[in-house]
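What follows is each chain in one-letter form.
2 protein chains.
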Amino acid sequence: MRLLSMKTERGNLAGIIMGEEVLDVTGFCEIIEGRGEWVEADNDTATYHHIEGAYQDALDLVKHGPNWPARIIAKLEGDSILANQCREDGVLVPLAKASLNPPVLAPGKILAVGLNYAAHAAEQNAQQPETPLIFSKCTTALVGPGDAIRLPRISEKIDYEAELAVVIGKEAKSVTAASAYDFIAGYTIMNDVTARDLQRRERQWARAKGLDTFAPCGPWLVTKDEIADPHSLALELRLNGVVRQSSTTSDLIFKIPQLIEFISQDLTLRPGDIISTGTPSGVGVYSDPPVFLRDGDQIEITISSIGALVNSVIGYES
Amino acid sequence: MRLLSMKTERGNLAGIIMGEEVLDVTGFCEIIEGRGEWVEADNDTATYHHIEGAYQDALDLVKHGPNWPARIIAKLEGDSILANQCREDGVLVPLAKASLNPPVLAPGKILAVGLNYAAHAAEQNAQQPETPLIFSKCTTALVGPGDAIRLPRISEKIDYEAELAVVIGKEAKSVTAASAYDFIAGYTIMNDVTARDLQRRERQWARAKGLDTFAPCGPWLVTKDEIADPHSLALELRLNGVVRQSSTTSDLIFKIPQLIEFISQDLTLRPGDIISTGTPSGVGVYSDPPVFLRDGDQIEITISSIGALVNSVIGYES
Numbered sequence: 588m589r590l591l592s593m594k595t596e597r598g599n600l601a602g603i604i605m606g607e608e609v610l611d612v613t614g615f616c617e618i619i620e621g622r623g624e625w626v627e628a629d630n631d632t633a634t635y636h637h638i639e640g641a642y643q644d645a646l647d648l649v650k651h652g653p654n655w656p657a658r659i660i661a662k663l664e665g666d667s668i669l670a671n672q673c674r675e676d677g678v679l680v681p682l683a684k685a686s687l688n689p690p691v692l693a694p695g696k697i698l699a700v701g702l703n704y705a706a707h708a709a710e711q712n713a714q715q716p717e718t719p720l721i722f723s724k725c726t727t728a729l730v731g732p733g734d735a736i737r738l739p740r741i742s743e744k745i746d747y748e749a750e751l752a753v754v755i756g757k758e759a760k761s762v763t764a765a766s767a768y769d770f771i772a773g774y775t776i777m778n779d780v781t782a783r784d785l786q787r788r789e790r791q792w793a794r795a796k797g798l799d800t801f802a803p804c805g806p807w808l809v810t811k812d813e814i815a816d817p818h819s820l821a822l823e824l825r826l827n828g829v830v831r832q833s834s835t836t837s838d839l840i841f842k843i844p845q846l847i848e849f850i851s852q853d854l855t856l857r858p859g860d861i862i863s864t865g866t867p868s869g870v871g872v873y874s875d876p877p878v879f880l881r882d883g884d885q886i887e888i889t890i891s892s893i894g895a896l897v898n899s900v901i902g903y904e905s
Numbered sequence: 588m589r590l591l592s593m594k595t596e597r598g599n600l601a602g603i604i605m606g607e608e609v610l611d612v613t614g615f616c617e618i619i620e621g622r623g624e625w626v627e628a629d630n631d632t633a634t635y636h637h638i639e640g641a642y643q644d645a646l647d648l649v650k651h652g653p654n655w656p657a658r659i660i661a662k663l664e665g666d667s668i669l670a671n672q673c674r675e676d677g678v679l680v681p682l683a684k685a686s687l688n689p690p691v692l693a694p695g696k697i698l699a700v701g702l703n704y705a706a707h708a709a710e711q712n713a714q715q716p717e718t719p720l721i722f723s724k725c726t727t728a729l730v731g732p733g734d735a736i737r738l739p740r741i742s743e744k745i746d747y748e749a750e751l752a753v754v755i756g757k758e759a760k761s762v763t764a765a766s767a768y769d770f771i772a773g774y775t776i777m778n779d780v781t782a783r784d785l786q787r788r789e790r791q792w793a794r795a796k797g798l799d800t801f802a803p804c805g806p807w808l809v810t811k812d813e814i815a816d817p818h819s820l821a822l823e824l825r826l827n828g829v830v831r832q833s834s835t836t837s838d839l840i841f842k843i844p845q846l847i848e849f850i851s852q853d854l855t856l857r858p859g860d861i862i863s864t865g866t867p868s869g870v871g872v873y874s875d876p877p878v879f880l881r882d883g884d885q886i887e888i889t890i891s892s893i894g895a896l897v898n899s900v901i902g903y904e905s
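First to last, the protein sequences are chains R and D.
Read left to right, the first sequence gives residues 588 to 905 (the numbering used here).
Read left to right, the second sequence gives residues 588 to 905 (the numbering used here).
Fair warning: there could be bad hints in the mix.
Identical copies go unnamed one by one, so any copy, or any two together, can satisfy a pair.
[To be verified] With a straight-line cut-off of 20 Å between C-alpha atoms, the simulated EDC-like cross-links for lysine to aspartate or glutamate are: (1) K760 with D734; (2) K684 with E904; (3) K757 with D799; (4) K662 with E617.
What the hints contain is simulated information worked out from the structure, not anything from laboratory work.
Pulled out of the complex, with its shape left as it was, chain R reads as follows (with noise of 0.2 Å):
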């Protein structure tokens, strides 16, 4: 399944994609509810879940367990009277028209990992690291899809880094690797933007890489039941587009089960958490000649079996 956050007139509500539309879950539990269909939860039954305020983001409809999102699709697929009180009330609208946030909306922590995969450090002639770099983004830096990347009035030296990125679905501490994706809810994409000339002169990179708008990610959520090996998925970077960044993250140097058994060692990945994990060779700064972001420009970041992730990049005056 793919969930979403989506801006509406009623706040950011959770979505689910169904086909070219998506569906407001909180407008489709009310409309449920109001049928008189209610169906309480069990312990092993997927129900509809009486709600209590809105849902938001992607981790909302997560927590309910996968059989909810799913019994929800089933329930619109064979219903189509329902399907079209929902198009009616506003509550099924096509995807196209609807204005995404990033899935997650506050997630206690982004951690990211650098030179992770091979031809990245070899453009910067860098080793191999023989542990995962592990860092940390702001998570107020999180911009959604179509949102703007807005150029810092302290750096001159904007980059882009695509990123296939890990949403953890379940509390995680000092996990094994051969049990790591039973605490990942899904996937989603992260451009994980870097101020370069900031990353060069500080040791530390928490202002480089966290600058406000210096995370956008989504498009969406997608369930890790869709994506049955996330180490073969095609990765594509486009500036104004053009390709800049072409990989696959088969070529990841550290997968995705020993990042997770790394990083929850002695410190606990939260639902909602995300990691990002690393971005392949193909960035600005390593380009001939270096190529840096402009007003104007647009990235598109695809990653297959996800889908794409596009922004535009304003001056800090615009």
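Following the hints, position chain D against chain R.
Leaving out everything else, chain D in the frame of chain R:
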């Protein structure tokens, strides 16, 4: 005022210190509401607030503005019958019996400053930085006063760092040093616990500074009105009763207004965010012989005008 969060049978509740007692603000509001003395808020006058759910931490109280906790204190000080009712109802309890959380339960981010005392830079033969060295600590590392610092499996060189911490009270982006105090809620104490072996081995300090229990914080938030000059506070750390760090915040290389101006450039600080301002000399790793934390150790950090943060150390298997 001294605002805090405490563990109670009703969950985490915000409290205000009154002499040797602490007031459960949620319980107080319920008593006031039950007496029919409710006053609705207006724009200018501080009033009792109708509660929708419990106040959980110091930030919940800060959000109502400085007049609100002050008015609650004044009300209780002038009404001994009400105060006694609060005591009878378990709403005003001895501070010594309260079990405290970190004053802000879930800050959006913890940013910290490296090498911000000249003597600490000198003890490691490091140059004083020309600009603040900013890094982040995982919010999952937070623990409260009295909570244990748990030695991790993956490090054998765990060290303490006593620090004055600033809690943000108002969203701050690209603010000037001259206006920086407007964005501060108050001050508390942070122990920037660090795995020295990981810090040496890994380029980024996300793990070395971010493992679980590596951010003891508290014992409470002292609102900024009580501290005329945060750069004149005596700071001391005792390990098992022996003074290991002893300095004053007047020795901070980058003062708090400069830090807020620097950090908030193109990076939004939100209410509850914590800035830990750096540690003075005397850390364990540069002691002769080096000292690292061991099972059973007790660490007490005192900062004048704030109080004492005490934590014990326990082994991984304890």
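Each hint, compared with the structure:
no., hint, in the structure
1, K760 with D734, "between (33 Å within a copy, 19 Å between copies)"
2, K684 with E904, "neither (28 Å within a copy, 54 Å between copies)"
3, K757 with D799, "between (27 Å within a copy, 17 Å between copies)"
4, K662 with E617, "within (14 Å within a copy, 44 Å between copies)"
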